[in-house]
Amino acid sequence: QKEVEQNSGPLSVPEGAIASLNCTYSDRGSQSFFWYRQYSGKSPELIMFIYSNGDKEDGRFTAQLNKASQYVSLLIRDSQPSDSATYLCAVGDFQKLVFGTGTRLLVSP
Amino acid sequence: AAGVIQSPRHLIKEKRETATLKCYPIPRHDTVYWYQQGPGQDPQFLISFYEKMQSDKGSIPDRFSAQQFSDYHSELNMSSLELGDSALYFCASSLKSFHSTYEQYFGPGTRLTVT
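Line by line, the protein sequences are chains V and Z.
Numbering (my numbering) for the first sequence: 1 to 109.
Numbering (my numbering) for the second sequence: 1 to 115.
Everything labelled a hint here was simulated from the structure, so no lab data went into it.
Just so it is clear, CB atoms sit at the ideal spot from N, CA and C, and this is done for glycine as well.
Hints may contain errors.
Derived PhoX-like pairs: lysine-lysine, alpha-carbon spacing no greater than 20 Å straight-line [stated by the list, open to error]:
{"id": "1", "chain 1": "Z", "residue 1": "Lys-22", "chain 2": "Z", "residue 2": "Lys-57"}
{"id": "2", "chain 1": "V", "residue 1": "Lys-2", "chain 2": "Z", "residue 2": "Lys-57"}
{"id": "3", "chain 1": "V", "residue 1": "Lys-67", "chain 2": "V", "residue 2": "Lys-2"}
{"id": "4", "chain 1": "V", "residue 1": "Lys-67", "chain 2": "V", "residue 2": "Lys-56"}
{"id": "5", "chain 1": "Z", "residue 1": "Lys-22", "chain 2": "V", "residue 2": "Lys-42"}
{"id": "6", "chain 1": "Z", "residue 1": "Lys-96", "chain 2": "Z", "residue 2": "Lys-52"}
So these bits of chain V aren't anywhere near chain Z, every CB distance computed over 12 Å [what the hints assert, rightly or not]:
{"id": "7", "residue": "Ser-26"}
{"id": "8", "residue": "Ser-32"}
{"id": "9", "residue": "Leu-65"}
{"id": "10", "residue": "Asp-78"}
Extracted from the complex, chain V is given alone in its bound form (with noise of 0.2 Å):
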């Protein structure tokens, strides 16, 4: 079993629609968590990091922590076709990252 769990999708939304995406983890000494956007062929790029249970708010980004299920998850509101991407979830130790397999977004015009 996979460290880091994500559905693969795509997850398919419409324009302004709200997107969620979800990623669970199986070690619970895990301290920090990420949500990269990556579009094929070019780099992951960091959108969201959070750190404590809860929710954390950036722009259209909704990260939400709860360590005791080692449930991540985003949310992305007011969804765009520049959203369209696949988004990597990866958990931290302080030093290497465990990504999962991603979870491909499709947002239709």
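Using the hints, position chain Z against chain V.
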């Protein structure tokens, strides 16, 4: 803002050759990480350096070695290349000292093709 710089961006090598990938972290960042991403796969951690010392090691083959220099740039040396080494190689950097933050920022990557 300055980002992570990687060179070369593309590299074509033949089997059994050697390759050297370079990474220049974001200015003032003290930690460098190397990741390998195969086609359709997620990035896999290879190795990291903090203040020029190896800090963690992942699934890096023995044929690969890396180091971080006094100016904090890092080089990944790959020898006896195999077809399976064809992948995107990303370098990421972070600032650990003082702030104890763990956000890693990725460079544009080097696409290595082994023929």
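Against the structure, the hints come out as follows:
Between Z:Lys-22 and Z:Lys-57 the alpha-carbon distance is near 18 Å, which keeps this suggested pair within the 20 Å criterion. A distance of roughly 19 Å separates the Cα atoms of V:Lys-2 and Z:Lys-57; the hinted pair therefore holds under the 20 Å criterion. Restraint check for V:Lys-67 and V:Lys-2: satisfied, since their Cα atoms lie roughly 18 Å apart, inside the 20 Å limit. With a C-alpha separation of about 14 Å, the suggested pair V:Lys-67 and V:Lys-56 falls inside the 20 Å cut-off, and the hint holds.
Proposed proximity of Z:Lys-22 and V:Lys-42 is supported: the alpha carbons are some 17 Å apart, at most 20 Å. For the proposed pair Z:Lys-96 and Z:Lys-52, the alpha carbon gap of about 13 Å is at most 20 Å, so the pair holds. Taking the minimum C-beta to C-beta distance to chain Z, about 15 Å, the non-interface status of V:Ser-26 holds against the 12 Å cut. Not every beta carbon of chain Z lies more than 12 Å from that of V:Ser-32, the smallest distance being close to 4 Å; the non-interface claim is violated.
Consistency note on V:Leu-65: stated as away from chain Z, and its beta-carbon is indeed over 12 Å from all of that chain's, at 14 Å minimum. With a least CB separation of 25 Å from chain Z, V:Asp-78 remains clear of the 12 Å interface cut-off, as annotated.
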